[in-house]
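Heads up: the protein sequence lines correspond to chains V and P, in order. For the first sequence, the UniProt record's numbering assigns the number 1 to the initial residue and increments by one for each residue that follows. For the second sequence, the UniProt record's numbering assigns the number 1 to the initial residue and increments by one for each residue that follows.
Quick caveat, the hints were computed from the structure, so don't treat them as lab data. Don't take each hint at face value.
Unchecked claim - Pair by pair, the computed Cβ-Cβ distance ranges are: (1) P:A131 <-> V:R178: 30 to 40 Å; (2) V:D354 <-> P:E87: 38 to 48 Å; (3) V:R84 <-> P:D69: 21 to 31 Å; (4) P:A8 <-> V:E46: 23 to 33 Å; (5) V:D138 <-> P:E87: 54 to 64 Å; (6) V:E137 <-> P:Q175: 40 to 50 Å; (7) V:G28 <-> P:A154: 35 to 45 Å; (8) P:A131 <-> V:Q161: 45 to 55 Å; (9) V:G28 <-> P:A168: 31 to 41 Å; (10) V:T7 <-> P:R165: 53 to 63 Å; (11) P:Q90 <-> V:D200: 24 to 34 Å; (12) P:G160 <-> V:L19: 50 to 60 Å; (13) V:T7 <-> P:Q170: 53 to 63 Å.
As the list claims (entries may be wrong) - Distance condition first, Cα-Cα at most 20 Å in a straight line; then the derived DMTMM-like pairs of lysine to aspartate or glutamate: (14) V:K73 <-> V:E234; (15) P:K5 <-> V:D157; (16) V:K293 <-> V:E282; (17) P:K2 <-> V:E46; (18) P:K5 <-> V:E50; (19) P:K6 <-> V:E137; (20) P:K5 <-> V:D150; (21) V:K113 <-> V:E50; (22) P:K6 <-> V:D138; (23) P:K5 <-> V:E46; (24) P:K6 <-> V:D188; (25) P:K2 <-> V:E137; (26) P:K2 <-> V:E54; (27) P:K2 <-> V:D150; (28) P:K2 <-> V:E50; (29) P:K2 <-> V:D138; (30) P:K2 <-> V:D157; (31) P:K2 <-> V:E55; (32) P:K6 <-> V:D150.
In this text, all values refer to a predicted model and were calculated from it rather than measured experimentally. Beta carbons are placed, not taken as given, at the ideal position from N, Cα and C, and that holds for glycine.
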Amino acid sequence: MKRVKSTPRPGWQAYAESLGFKFHTIDGEPYWDESAYYQFSLRQIEQDLEDVTEELHAMALDLVPDILANEQKLDQLAIPAEYRDALAGSWQRGDPHLYGRMDLVYDGNGPAKLLELNYDTPTSLYETGFFQWVWLEDQLMRGELPAGADQFNSLQDKLEQAFANLVLPQPFHFTSVRESIEDKGTVDYLLDIATQSGVDGRYLALEDIGSLDGQYYDLQGEPITGLFKLYPWEFMLEEAFAEQVKTSETLWLEPLWKLLLSNKGILPLLWQKHPGHPNLLESHFDTGKALEKGWLRKPLFSREGANIELVTADGKRFSEPGPYQDAPFIRQKLQPLPTFDGNYTLIGSWVVGDSAAGIGIREDNSLITKDSSRFLPHIILD
Amino acid sequence: MKRSKKAALVLMAPAATLLLAGCGEQQQEVHVFHNAEECAAFYHPPAECQAEFERAEALHTQVAPRYQDQFECEADFGAGQCEVAPERHQSGSFFMPMMMGYMAGQMLNRGNLAGGQAQPQQQSAASNRSAVPTQPLYKSRDDRSTFRTATNQAVASQPGVARVRPSAVQPQRAQLVRRGGFGQQAAVRQQAARQQANRQRSYGS
Chain V
1 MKRVKSTPRP GWQAYAESLG FKFHTIDGEP YWDESAYYQF SLRQIEQDLE DVTEELHAMA
61 LDLVPDILAN EQKLDQLAIP AEYRDALAGS WQRGDPHLYG RMDLVYDGNG PAKLLELNYD
121 TPTSLYETGF FQWVWLEDQL MRGELPAGAD QFNSLQDKLE QAFANLVLPQ PFHFTSVRES
181 IEDKGTVDYL LDIATQSGVD GRYLALEDIG SLDGQYYDLQ GEPITGLFKL YPWEFMLEEA
241 FAEQVKTSET LWLEPLWKLL LSNKGILPLL WQKHPGHPNL LESHFDTGKA LEKGWLRKPL
301 FSREGANIEL VTADGKRFSE PGPYQDAPFI RQKLQPLPTF DGNYTLIGSW VVGDSAAGIG
361 IREDNSLITK DSSRFLPHII LD
Chain P
1 MKRSKKAALV LMAPAATLLL AGCGEQQQEV HVFHNAEECA AFYHPPAECQ AEFERAEALH
61 TQVAPRYQDQ FECEADFGAG QCEVAPERHQ SGSFFMPMMM GYMAGQMLNR GNLAGGQAQP
121 QQQSAASNRS AVPTQPLYKS RDDRSTFRTA TNQAVASQPG VARVRPSAVQ PQRAQLVRRG
181 GFGQQAAVRQ QAARQQANRQ RSYGS
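Here chain P stands alone, though its shape is the one from the complex (with noise of 0.2 Å):
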């Protein structure tokens, strides 16, 4: 017989759907300030404002993007506007952007002078613990208005209070390795097919 004997799979049998979670994730309410004393400046008391800012830069150097280079930091978030992070890789340091500003997970105790609503709600002590964690905020180059968070995520346009997703905003400690060094030609051939109304299918032979 010139045939195999069998020819089974285990895995290919079809995928089952799977259904992505709902948007049904409720809201919630932060402070984003540039600094401990502009938190101060909308009547939150200064030992919080000064608390949580500690909070936000000591997970700063965790979970700040981390670059192979400073050429490479500056251009996502402009000149003098990177440091060099704790790690080192082969040939050098790698590089991360300054923190620019922080969010506050945790209610802060507003001063009775404070404009807006009220406080909805007495905190207690259990109720306190927010579902998102006090974190640095960045700023891109080519946007200097909108605070970010370091995976990206945009929070905020000014200071003040702002509302996210707390699925959206859970730090991550930052990555090393470079993602995406492989397949540009691909996207490179592609194109090129596309113009000749010949498109590629695949880059097998």
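For reference, chain V alone in the conformation it holds in the complex (with noise of 0.2 Å):
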């Protein structure tokens, strides 16, 4: 694994926005950044990502019927009460799941450690199944990158195969917060590519979904039978039409048991079942004890990097502020992010289904990757 200089393509953020990549560049700082990518081995990939990532993948829905069965794991994931019964059922009934992501630091070298699932609402989807795929297919046609280069990332055929076997109720609707360009851009890209596998998608704002006797409706006034949602499961349950979650009957993507998965309490619960596994740092709920050297703490919902505490082995201490100040929090052991050429780097692995799928690597200034961070492509070549 390297980090290599490269010439970004020539007028390629025009290129981006004709192809609908409206956040290439984010309050004047770039978002996308071509003017390098990472190089990895067939190796490093196959082995220390892929089949880790379907590993960790496993291990972690392995969890959900523990969880289910025990009212004091639910309690440490701070499942709400009343909807415990739902989410059950969400996953009793095999309600299907299509996608995720898992963050893992990596180095090339070593195994890869699992820093956190993002299992309900994960994003730079369209960045790394499409705008990362067309990058690669320029630049071996323009001779900057050595023939034979190829990527660890089928995420866009993956998905057209998923929206092509899921038995999904027509029309299917797709929904994000209206004033967010960002989250629209990867609903946009879903629905685009669940419309080349022959689903009947339609994108409604999140603030437009009506609620009527225990149903939501479309601005037709049709019921949601159907719906992707790019908005948290945590926040959801705390809204006012919450209440309907238990008696609509609208098949939600990702599902409610999902909630379980992207919370944070995933990971102390995954090292207790696990402990010492080579891909997991060690983690616990957190006490509220003092942090010592070589931990970080984090809410078991946050986004972003928001609210995340840590101290370095040698004692710094470093906090990111956010919005997310009430939720319990976990800790986890330190694995600092690897440096590249002063960058810190973290590597975003695909599920889709229950298959590996591609990875996207973003960099940071820091040890915590937030939303300042940028998203690079990656090749492989042995």
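Hints are included, so try docking the two chains, each in its own frame, into the full complex.
Listed below in structure tokens is the structure:
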């Protein structure tokens, strides 16, 4: 694994916009960054990332029945008592799941370590599955990359197959918060792929969802029977229309049971079941005591690095403010992100259905990967 | 090969810029009254006043905004200003505001004693079909002087002649479905993040 400087495609910004990539630059700061790429060997990809991703995914799914059978674990994950039956129902019915992303610390040597599972509302999908793929094809064509370079990125193929194979109600709706162009971009991409797979997909702003007599309705007044939502379950369950989750005939993507896996509390539970596993970091539910050297603390529910606090092995303290002060916390042994040319590098590894489906790489200027991070493409070359 | 065989998009092409329809719409004159008696007092033929009132009243049960309960309705329209709507939901009846007035879209044939402008022209049967349907009007709790349509378009602050854009006052069947019950956490977190100068850009992760 190495970082290689590269010449950006001339005028790529206008091209990106023509392909619907409206958030390649955010508040004047680059987000998509092709001034460099990461290079992996096929062995690194297959043994250290692909196999590990599928193993960790299986371990996580395997925990779901354990948690559902144990009130104390549900308490530790702060699952609201009144939604536990609905959650268990979604698992027992076998409500399907579409996708997830796990964040891994990996520097090319030794086992990748699981930082967390983003299993409810993962983003950076378009830039991974589509724009990174286009970059590789373009740079191969322009001779900027060695012939034979490949990429660990079957995301779009696998999503297309998933939409073709899942039995989804028609029409199937897709929703996100109205004001987030980034979330709209992700949802548009999924809607695009679903359409190519023959799904009758329709977009609906989250704020426009209607409710009547225990059902959800679209703007035409038709019941919403299937809904992909890029909005966290833990938010939805605190809102005015939460109650109807129990009664509506809506098939959700992701399903309600994903609330267990997108929860950082899954990390201590994984560690309890598989102590010392080479791809896990020691984790515990937080007791509120001061952080020791070499540990970090994060909320059960948080996004974009918010409300994370850590103390490095030599005693330096870092923290990131944020709006998630209200959740319980876990602590996790600190595995610092590796640095390449002074950048802190994080690997997001995708799962579609139950298969590993590719990676996306983000760089930040600190140990905590935030929404200010940049996305860099990668290649496989032996 | 570890990558997709193809990566195509069919929908994400740039959307053509839609030009919104200009504001060239002609306003139309209408008459606004609390009731048929008031209409007649403005020197309009009582029979026409009554006929238009009844037309508005018939529409009232179809277009008045619906609420899940009396409390929610009175929060918008004031104590004692709501009534039971014809429809029921799982846990009771819907409520709707009482009709507080009406808007006559037809040109009422003024008596010769009427003040104000004379009739611009003789109304033929055809041109008498107004672009503004006669409809009920309502008054909100915190603004008792303004007449509003069922879709909350303010049309007049006193009885008599008013001018409206026809497209803004087309009656629509009342929505029973409530909206806006998802997305509140986004707003709350956005606010909290703003206070810490730390914007929330996405609700994904």
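Is the hinted pair V:K113 and V:E50 satisfied, with a Cα-Cα distance of at most 20 Å?
Satisfied, since the Cα-Cα distance of roughly 13 Å is no more than 20 Å.
Checking one constraint from the list: CA of P:K6 to CA of V:D150, max 20 Å. Satisfied?
Roughly 13 Å separates the two Cα atoms, so the pair holds.
Using the beta carbons of P:Q90 and V:D200, state whether their distance is inside 24 to 34 Å or not.
holds (29 Å)
Is 23 to 33 Å right for how far apart the beta carbons of P:A8 and V:E46 are?
Once the Cβ atoms are compared, 27 Å apart, the range 23 to 33 Å for V:E46 and P:A8 holds.
Status of the given 45 to 55 Å range, CB of V:Q161 versus CB of P:A131
holds (53 Å)
Between the beta carbons of V:R84 and P:D69, is the distance compatible with 21 to 31 Å?
holds (28 Å)
Under the criterion that the straight-line Cα-Cα distance not exceed 20 Å, is the pair P:K2, V:D157 satisfied?
holds (11 Å)
Whether the CB-CB distance between V:G28 and P:A154 falls inside 35 to 45 Å:
holds (41 Å)
Could you tell me whether the CB distance from P:G160 to V:L19 stays inside 50 to 60 Å?
About 57 Å separates the Cβ atoms of P:G160 and V:L19, which means 50 to 60 Å holds.
Using the beta carbons of V:D354 and P:E87, state whether their distance is inside 38 to 48 Å or not.
At roughly 46 Å between Cβ atoms, P:E87 and V:D354 fall inside 38 to 48 Å, so the hint holds.
Check the following: the C-beta atoms of V:T7 and P:Q170 are separated by a distance inside 53 to 63 Å.
holds (58 Å)
Going straight from one Cα to the other, do P:K5 and V:E46 come out at no more than 20 Å?
Answer holds: P:K5 to V:E46 is near 18 Å, not above 20 Å.
The structure fails none of the hints (numbered hints given earlier).
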